[in-house]
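Use the sequences and the hints to build the structure in full.
So for the sequence shown, numbering that gives the first Met the number 0 puts the first residue at 0; every next one is plus one.
Hints listed in this document are in silico derivations from the structure and should not be mistaken for laboratory results. All values derive from a computational prediction rather than experimental measurement. Even glycine gets a Cβ: it sits at the ideal position worked out from N, Cα and C. Check each hint, because a few of them may be wrong.
[Stated by the list, open to error] Derived pair list, reagent style BS3-like, types lysine-lysine, alpha-carbon separation capped at 25 Å:
| no. | residue 1 | residue 2 |
| --- | --- | --- |
| 1 | Lys376 | Lys365 |
| 2 | Lys257 | Lys303 |
| 3 | Lys246 | Lys257 |
| 4 | Lys366 | Lys376 |
| 5 | Lys303 | Lys365 |
| 6 | Lys82 | Lys71 |
| 7 | Lys366 | Lys382 |
| 8 | Lys600 | Lys610 |
| 9 | Lys303 | Lys246 |
| 10 | Lys82 | Lys69 |
| 11 | Lys610 | Lys547 |
| 12 | Lys365 | Lys382 |
| 13 | Lys600 | Lys547 |
| 14 | Lys303 | Lys366 |
| 15 | Lys257 | Lys213 |
| 16 | Lys363 | Lys382 |
| 17 | Lys229 | Lys213 |
| 18 | Lys257 | Lys229 |
| 19 | Lys376 | Lys363 |
[Stated by the list, open to error] Here are the computed distance ranges between Cβ atoms for each label pair:
| no. | residue 1 | residue 2 | range |
| --- | --- | --- | --- |
| 20 | Tyr508 | Pro379 | 55 to 63 Å |
| 21 | Leu377 | Ala553 | 18 to 26 Å |
| 22 | Lys82 | Gln149 | 15 to 23 Å |
| 23 | Arg260 | Ser181 | 27 to 35 Å |
| 24 | Ser181 | Leu264 | 31 to 39 Å |
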Amino acid sequence: MDEPTDTSASPPDQAPAVAPPSPARQDAKSAGALAAGKRTPIPDRLPIVPMREVVAFPGTIVPLGVEREKSKRAIEQAIGTNKMIGVVTQRFAETEDPGLDTVYRVGTVCSILRLIRMPDGTVNIIVHGLTRFGIVEMVSTDPILTAAIQTREDSTELSSEIEALVNNARQGASRVIELSPSIPDEAQVVLTNIDTPGGVADFLGANLPMPTVKRQELLETFDVAERLRKVNAILAQQVEVLELSDKIHSQVREQMDKQQREYYLQQQLQAIQKELGEADGRTSEIEHLRERVAQAGLSEEAGKEAERELGRIARIPQASPEYSVAVDYVTWLCDLPWAVQTADQLDLDRARQILDEDHYDLDKVKKRILEFLAVRKLNPEGKGPILCFLGPPGVGKTSLGQSIARALGRKFIRLSLGGIHDEAQLRGHRRTYIGSMPGRIIQEIRRAGSRNPLFMLDEVDKIGQDFRGDPSSALLEVLDPAQNNNFVDNYLDVAFDLSRVLFIGTANYLDPIPPPLRDRMELITLSGYTTQEKVFIARRYLVPRQLKENGLTAEQVTFSDDAIRRIATAYTREAGVRDLERQIGAVIRGVAAEVAGGRRKPTAIGPGQLKSYLGPERFTYEAARQTGVPGVATGL
Numbered sequence: 000m001d002e003p004t005d006t007s008a009s010p011p012d013q014a015p016a017v018a019p020p021s022p023a024r025q026d027a028k029s030a031g032a033l034a035a036g037k038r039t040p041i042p043d044r045l046p047i048v049p050m051r052e053v054v055a056f057p058g059t060i061v062p063l064g065v066e067r068e069k070s071k072r073a074i075e076q077a078i079g080t081n082k083m084i085g086v087v088t089q090r091f092a093e094t095e096d097p098g099l100d101t102v103y104r105v106g107t108v109c110s111i112l113r114l115i116r117m118p119d120g121t122v123n124i125i126v127h128g129l130t131r132f133g134i135v136e137m138v139s140t141d142p143i144l145t146a147a148i149q150t151r152e153d154s155t156e157l158s159s160e161i162e163a164l165v166n167n168a169r170q171g172a173s174r175v176i177e178l179s180p181s182i183p184d185e186a187q188v189v190l191t192n193i194d195t196p197g198g199v200a201d202f203l204g205a206n207l208p209m210p211t212v213k214r215q216e217l218l219e220t221f222d223v224a225e226r227l228r229k230v231n232a233i234l235a236q237q238v239e240v241l242e243l244s245d246k247i248h249s250q251v252r253e254q255m256d257k258q259q260r261e262y263y264l265q266q267q268l269q270a271i272q273k274e275l276g277e278a279d280g281r282t283s284e285i286e287h288l289r290e291r292v293a294q295a296g297l298s299e300e301a302g303k304e305a306e307r308e309l310g311r312i313a314r315i316p317q318a319s320p321e322y323s324v325a326v327d328y329v330t331w332l333c334d335l336p337w338a339v340q341t342a343d344q345l346d347l348d349r350a351r352q353i354l355d356e357d358h359y360d361l362d363k364v365k366k367r368i369l370e371f372l373a374v375r376k377l378n379p380e381g382k383g384p385i386l387c388f389l390g391p392p393g394v395g396k397t398s399l400g401q402s403i404a405r406a407l408g409r410k411f412i413r414l415s416l417g418g419i420h421d422e423a424q425l426r427g428h429r430r431t432y433i434g435s436m437p438g439r440i441i442q443e444i445r446r447a448g449s450r451n452p453l454f455m456l457d458e459v460d461k462i463g464q465d466f467r468g469d470p471s472s473a474l475l476e477v478l479d480p481a482q483n484n485n486f487v488d489n490y491l492d493v494a495f496d497l498s499r500v501l502f503i504g505t506a507n508y509l510d511p512i513p514p515p516l517r518d519r520m521e522l523i524t525l526s527g528y529t530t531q532e533k534v535f536i537a538r539r540y541l542v543p544r545q546l547k548e549n550g551l552t553a554e555q556v557t558f559s560d561d562a563i564r565r566i567a568t569a570y571t572r573e574a575g576v577r578d579l580e581r582q583i584g585a586v587i588r589g590v591a592a593e594v595a596g597g598r599r600k601p602t603a604i605g606p607g608q609l610k611s612y613l614g615p616e617r618f619t620y621e622a623a624r625q626t627g628v629p630g631v632a633t634g635l
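Shown next as C-alpha cells:
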C-alpha cells in the first residue's frame, strides 16, 4: 500500500517539505481524534483547495504542499475560522488556475491539524479527512475559491453482506501487508481498530496503489457496499500481482543459490583436479565448449541437453572413453546450423535466366519450377510440395536441382540413396554404440552450414530394405511437412527443424518407389532428347565444358554438327547426353595429346575424323531402311 504523496500545488515530482507519518499512524491519530468528542459542525460553505494527483479520504491524515496564492489565502482564512477546507482533485494536473469545470465535484472536508511555512514561500499542511461532500455551486473564485457544499455521510446500516465484504477486505489487506515488506506491521493494527465498514474501504482506498482516477471513483462511491466491492476487486488484483512477484523473486533467489553452489563446487573440483595433476587443457576445452554452446543458438531442448553433457564432461575423468563420446556429442550439437540460414532470392526473371543458361528446352519442367518459386515468393512460410524429377539417366535431373539452388541463393547438398539398406544410415546410431554418429541427413545439413539448403535426394527408386530396417520409412518423416519440424536423429536424441529445407528427389523409374513415399512427392517427368536436341546441347554446353576441362580453346578444336550427330547416333544409345559428353571428351583428349606433342594447327572434327579417335562405329540406326534386297521382308 502506498502513502499519499504531496503533489498538490507543486509539480508532481516535488516531495513535501515535511516527511509524512506512516499510514498506520495517520489512522491511529484520526481514530483518536474522532473518539475524543463531538466533531465541529461543518458549514454550508467552505474554501476550496484543488490538488494535483492527490485524493483525500475521510478518516485519513494527509500531508499537502501548497504553492498557489489562492490556495494559501484559503488556508489562511480557514486557520482564522474553523480550520476546515474542502480538498478536491483536479481533473488535469497541468491546469494552473483550476475552476469548477476542471475539478471533480466530489471531495473531502478536511480539518487542518498543522501548518508550516517554508522559506521558499510554500506552505505545508497536515489535514485530517472528516467526511465526503459534493459541490453544489461555486460561490466565488476570487480572492479564493469558495463553494456551497452538501456533505454525504456513510450509512450506518450493517447487513450480513457488508459484514462479509468487510471480512474479505481485511483478509485481502492482511495478505497484501504480508507480501509487501515496505508496509509497516502496525498498518495491520490500525486496520483492525477501524470499526466502520466505510472507514475500512476509505483506509484501503487511500493506501492501496492505484491510479488517481480509481481513487476518485472510490471517493465518489457513496454506497458503502458498492465501495467495498470495488476495494475487494482491487485487493484481489493486488494480491495476485504480489504473489506472482514473490514467486518470481523466490525462483530468482533459488536460481542464484543454485548457481553459487555450482560455482563453489566447480572451484572445489578444479582444485582437486589440479592436485591430481590433470592438465589445464581439460578446463580450457570445457570453457571453449561452453562458449560454443552459448553462441550456437541451440533450441531450448538442445540447450538443456548440451548443459547436461557439459556437466558430465566436467565430472568424467579425461582418460575415460565416455569423455570423448560426450565431447563429440556436444561438438556435433554446436556444429549444426540451428539459427543460420540464407535469404531466399525469389526474382523470377533471374530464375528463368539461370534455368535457360543451364538447360536447353524442358519448357514444361521450367514452367513448373517457376510456378513453384512464385508460390514460395507469395507465401514464404507455406508448406510447398516435394518435387521429384522422374526421367532416364543423363537428362539433367541433378543439374536442374543445382540450378534451382543457384536461382534461390541456397546451399546445395546431394544425398545418393542408391544402395542404402539400413535405416540407421539416415537416422543415425544411438550413442550407446561405439563409433556412433548422426545419420546422413544431419551430416549433410552440417556440411551445408545452413538450416534451409536445397537438399537433393538422388535415386529415390534405388533405396532398398532388409532385416536392418526400411530406410524409406525414415524418408516418410523427412518429406512430411507436418512432421519434419521435429526430426529426431538417433544420435542427437533432440528435435531438429527440417521444415525450412527444400527437398527435391530424383528417380529413373516410378515402380520401385514405395507408394507411401511416392504419395508425398509431386512427380515431374523429364523425357529423353531427340538427336537434333542432343546436337544443340552438345554445341552449347558439352563441348565448351570438355574444352575447359582438358585445357583447350575453341580455336584449337572445332566440331561440325554432322560430327556431333554421328557421335550421338553411331557411338551412343541413350535418352540423355551423359555418354555423348563422355565420347566428346574422348575426342578432345585425343586432340589434347596431339597439341601436347607439338601440333600447332587447329583441328576440325568432322564425321571422317571420328574413327581415328573413337574407333569403329558401335551402333547402326534405321537398319530396316538400309535393307534393299528384293524378296526380303523386315520384321521386328
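task = State the violated hints by number, sorted upward, taking the hints as numbered earlier in the document.
result = Violated: hints 5, 14, 15, 18, 20, 21.
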